[in-house]
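Q: Quick mapping for you: the protein sequence lines, in order, are chains A and B.
Going by the working numbering, the first residue of the first sequence is number 1, and it counts up by one from there.
Going by the working numbering, the first residue of the second sequence is number 1001, and it counts up by one from there.
Think of the hints as simulated: they come from the structure by calculation, not from any bench.
Glycine is no exception: its CB is placed at the ideal position from the N, C-alpha and C atoms.
If a hint is listed, it holds; no wrong ones were tucked in.
If you anchor each label on the Cβ, the simulated ranges turn out as follows:
(1) L462/A x W1011/B: 15 to 25 Å
(2) I4/A x T1031/B: 45 to 55 Å
(3) K436/A x A1038/B: 27 to 37 Å
(4) K1004/B x E305/A: 53 to 63 Å
(5) N1027/B x K30/A: 51 to 61 Å
(6) F479/A x W1011/B: 15 to 25 Å
(7) G1045/B x S25/A: 41 to 51 Å
(8) T1031/B x D260/A: 45 to 55 Å
(9) E1002/B x I373/A: 50 to 60 Å
(10) L1026/B x P438/A: 14 to 24 Å
(11) I1049/B x G208/A: 27 to 37 Å
(12) N1027/B x H471/A: 46 to 56 Å
For lysine-lysine, the following BS3-like pairs were computed, each having C-alpha atoms within a straight-line distance of at most 27 Å:
(13) K1004/B x K480/A
(14) K1057/B x K102/A
(15) K474/A x K1003/B
(16) K216/A x K1033/B
(17) K1007/B x K410/A
(18) K1007/B x K259/A
(19) K474/A x K120/A
(20) K26/A x K102/A
(21) K1033/B x K225/A
(22) K266/A x K1007/B
(23) K1003/B x K410/A
(24) K1003/B x K480/A
(25) K1033/B x K298/A
(26) K410/A x K102/A
(27) K480/A x K1007/B
(28) K1057/B x K259/A
(29) K30/A x K365/A
(30) K361/A x K120/A
(31) K259/A x K1003/B
(32) K1057/B x K266/A
(33) K120/A x K102/A
(34) K474/A x K1004/B
(35) K1003/B x K102/A
(36) K309/A x K216/A
(37) K361/A x K30/A
(38) K474/A x K1007/B
(39) K410/A x K1057/B
(40) K1004/B x K410/A
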Amino acid sequence: MLTITLIILIAYLIFMLWIGNYAASKSTGKTEADYFVTGWTTSYIGISFSIAATFASGAYVLGTIGVFYGNPANLTGYAFGTTFAPFLLWIIGRRIWAIGRKYGYSTFTDLIGDFYQSEKLRVVVSVLICIFFAPYLAVNFMAPAILLKQASGGAIPFWVSGLAFGVITIIYTWRGGMRAVIWTDIAQALIMIVGFAIIIPLMFGVGGGWYSVWEKLPEKIATYKPGGGSFWIVLSWFWIVGFMQTGNPDRAFRLLVAKDLGHIKKGCLASLVLLTIWSVVGFFLGWGLAVAVPGIAKTDLAFGEAVNKFMPYMMPVLMVVVWAGGMSTLDSGMIAISAMLTKDVYRRNINPRATDEQVYKLGQKIGLALGVIAFMLAILDLKSLWFFVGAGAAIAMQWTPMIIGALYWKRATTAGAWAGILVGVGITALFYYVIKCPIPGPGGAAIIGMVANIVAYFLVSLATKPLEPAHIAKYQGMFK
Amino acid sequence: MEKKTWKILTWIIEIAFLFLALTAPLNPFLTTKVSVFAWCFIMIGLGVIAIIIATFKGYPPEEFSIKE
Chain A
1 MLTITLIILI AYLIFMLWIG NYAASKSTGK TEADYFVTGW TTSYIGISFS IAATFASGAY
61 VLGTIGVFYG NPANLTGYAF GTTFAPFLLW IIGRRIWAIG RKYGYSTFTD LIGDFYQSEK
121 LRVVVSVLIC IFFAPYLAVN FMAPAILLKQ ASGGAIPFWV SGLAFGVITI IYTWRGGMRA
181 VIWTDIAQAL IMIVGFAIII PLMFGVGGGW YSVWEKLPEK IATYKPGGGS FWIVLSWFWI
241 VGFMQTGNPD RAFRLLVAKD LGHIKKGCLA SLVLLTIWSV VGFFLGWGLA VAVPGIAKTD
301 LAFGEAVNKF MPYMMPVLMV VVWAGGMSTL DSGMIAISAM LTKDVYRRNI NPRATDEQVY
361 KLGQKIGLAL GVIAFMLAIL DLKSLWFFVG AGAAIAMQWT PMIIGALYWK RATTAGAWAG
421 ILVGVGITAL FYYVIKCPIP GPGGAAIIGM VANIVAYFLV SLATKPLEPA HIAKYQGMFK
Chain B
1001 MEKKTWKILT WIIEIAFLFL ALTAPLNPFL TTKVSVFAWC FIMIGLGVIA IIIATFKGYP
1061 PEEFSIKE
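In isolation and in its complexed conformation, chain A is listed as follows (with noise of 0.2 Å):
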């Protein structure tokens, strides 16, 4: 079965370069705009399919599916933040796709600086963010490596398996930037749904079919715990979801490459369905491996296990789930960190007068860096899954206050915005590096964070001379 697995891993990756290739062949030019943002020539098919992609990475098919194994009554809150993440999206969305477009903007840092008016507002934020994104890129690489070597029995180590995953993903990257992501993450996302379709039955088979599995399933796991006790879980799954599809980089600059307005708009609708396709299949996997392959501590590996010990033969189907699901992710991500830098630190602040061209070229160097240093924090073997996709959606989501300011708060200040980024990336980072959040879950950090930032925003705003009318009318003023 470790041959057949392989041979189809082989063909998913050829199949992957395939289309980063192809998509490559349509850019119009070696230019930034085209690089970073596509030239604003995509659908809503890309960009849900897309954000949809980016948000089900490989810790997703793993580490949250696993725990929607061990807890699925406390990822209710997932579910509740895969409905909010699309109505934030489009309040988001709407403006900030006609302000780019109209200012060529490719990341969100583009409007930050220069609706506050502070070039070292834009560099912190850009490299803040990326800072504590970085790990979050590691985070990919480890579900592919972990579960082929489950597959191998450990024939296959975990290095070998990053470097290919990596390989890939850097190649297709790098040649067609965020053309190459876009294309590759609708097929992944297909692949995806696919493999979710086929292997959701034959787990439900597994444990006596869908009646069985549901009347077997503990309500013990199935049910909050009394007294309210899985409130603040609840809310801190439904926060990390929910925030983090505008509070990502590598997927909320979906948000700027859009065609137009009606193509953002269909795209947080059609985002709405896939992403609840997401909660949906995490429910369904969730009961039915908690029936099929009860008590498994290491919930990460309850998926492996389960495909492992009843289905060997869908291995297959899993590994190129699993690795298509961390591609989308780990791509995403490169090149929207790769824009951050490229444009916000480069261009702007080292070299303003560099060409299109040298910016498009850094961009592809930048893009191949961030994958090595993932590789090599990926190897090192850190902490679970989550702990790293939590703690850089928590730190990136921390933007979202001043982003929202900038496009609706006519009283935004820069002084408001530092003290909001300074106070919110602080407080987050303190609850998840250095002492625990009194919050359980993902979210926890994220939502002291978030409130200390939007109070810290708000008065300082107040309390702050504000910016100048003309000034702000050319952002929330070009709005009829």
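Put chain B on the given structure of chain A with help from the hints.
A: Structure of chain B alone, referenced to chain A:
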């Protein structure tokens, strides 16, 4: 209905969704797995209604000027 009314309706439904969904663990009636997941899917439905109203009526694509 006027656009302002749709905006208000959007936020009423969105806030109702957030409140009812996030307080589910405190809801004394959700004590069985059937009730927990039935409520979860009803809440998803409510959230979907809010987004549909927001995108089509309350906050449709805005008209904007691309020129300075």
